[in-house]
Amino acid sequence: MEIKTAAEELKKSGVDEEIVELIKEEFISVALATEIEEQLEMQVGQPYVDDIILMFGREVESEELNLGRIGREVNKIKVPVKIKNELRQKLRVVKTKLSKEKLDAILAAVEQKYEEAQVEPREAVGIVAAQSIGEPGTQMTMRTFHYAGVGAIYITLGLPRIIEIVDARKKLSTPTMKVKLVSEFASERNKAEKIAMEIEETHIRDIAKVKAAIEDMSVWIVLNAKELKRRYIMSEEVEQTIQDIGTALLVEVVGGGKLRIHVKDKSYHDLLRLEAKVSTTLVKGIGGIKRALVRRDPSGEYVLYTEGSALKKVLKVDGVDSGRTTTNNINEISDVLGIEAARNAIIEEMAGTLDEQGLDVDPRHITLIADTMTMDGEVKQIGRHGIAGEKASVLSRAAFEVTVDNLLEAAIHGETDALKGVTENVIVGQPIKLGTGAIELRARK
Amino acid sequence: MKKETLSILEHELVPEHVLMDESEVKELLDKYKIRRVQLPKIKVSDPAINGMGAEVGDVVEITRQSRTAGKALSFRLVIG
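Taken in sequence, the protein lines are chains U and Z.
Those letters in the first sequence? Residues 1 to 445, per my numbering, in order.
Those letters in the second sequence? Residues 1001 to 1080, per my numbering, in order.
Keep in mind that the hints were calculated from the coordinates and are not lab data.
There are no misleading hints in this set.
Computed footprint of chain Z on chain U, listed as stretches where at least three residues anywhere in the stretch have a Cβ under 8 Å from a Cβ of chain Z:
no.: 1; region: 80-89
no.: 2; region: 373-384
PhoX-like cross-link-like pairs, simulated, lysine-lysine; straight-line CA separation at most 25 Å:
no.: 3; chain 1: U; residue 1: K420; chain 2: Z; residue 2: K1041
no.: 4; chain 1: Z; residue 1: K1071; chain 2: U; residue 2: K113
no.: 5; chain 1: U; residue 1: K194; chain 2: U; residue 2: K178
A virtual CB, placed ideally from N, CA and C, is assigned to each residue, including glycine.
Working from the sequences, and respecting the hints, build out all of it.
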């Protein structure tokens, strides 16, 4: 039922105007909701309270909503908050009033189903996760696709991207950022464009012609006024930048957008070197951001997509929403935002990649991988130099990759294998201590 | 144009980190029957616990937004 109609009905049944107004508020805090509940109980009596609260309960901002009979009963059972919320919402839809017996039966059934669905102790969850991602992996594309939109930025997707994530690569094949802007800049294209210019690398060669002239032993820089205007750069800034390259440089402003750097008593080789150095000098922008494109999101806000990534520096730019701007480089996120943010980023990136390929993998498997990779406080790859390479068992490591190296290393250090894991017990032909194999039975005397 | 300060704690990827006191840690370890070192780790230099005064050996409680459970508690041991 709509809040409005619910409010009308409340008025009819003789509830205070004040309370009705409170109920119509968009968000109600838990404290206020409890107060409203008490007031309603006094004014219209218990039978009404549940129904009334159910009408607006959806609007209460707390997850652990503790209202009405149903709300209270649901709160008692041992299931996660998300399930409780869903349950409350579903029970609210039930038109007929639930008797206590029926409600209890429903809740008991939910609790039981939840317990049954939980994984058993000693279950090999890692193997299940590996298979659950491995199988869809066989259906993934091997190619790099480009992003939606014409002339947009290329991004590694599909299987290569998944491999990149689990390998925790420091250098990505296509680093990219999604730069969200604060509302003032996100609503207008030209304002967003201005920030794009603020972060996109601009070298001198992008805004001017740089030429080394042998006849007068100097480097000539001819500024392109149009480009300067487009990138919001003043010609004084360029002059200053060039002067900053080296204090020994003699920079002369010729006029008409021309600059001349005199190179005295130097060889032709030095002249060419200076030419190369001047043309690649950064005038504006953040090093590493090769391109920044303005795109309009489905939600209507303007967002920047970049080629290249420099999270820390971009977050500091005025106008950039430093709470929602992200990069696809997980190591960078770990460095700038911490290990928990890196864990979230792994989950987001993997789920996003799988989802883009139309594959449905349970988030629990992805979460397990992210948890394992971030266990030790830093992002570790799943592979030879990470999780698999740090296993305690010699045999397990030898079975994974570079067998001889591992055995030799272990022999030199005189390692022992406690035969506790799965692989080593398979190798020696013993039952593995997993699932039902982990349980020992003893006859009662 | 640069911002003066940057608070990474407001980033949507960063969950809430809270330093636990000793009695809470003991309760936690007793509940799961584990030793301190069996907890997942977080570096003392981690940006998310910067300025919290956490020292090596402390335990941090993390309130994650979970895709499956809605909200989930997690714990990390501070390491050097």
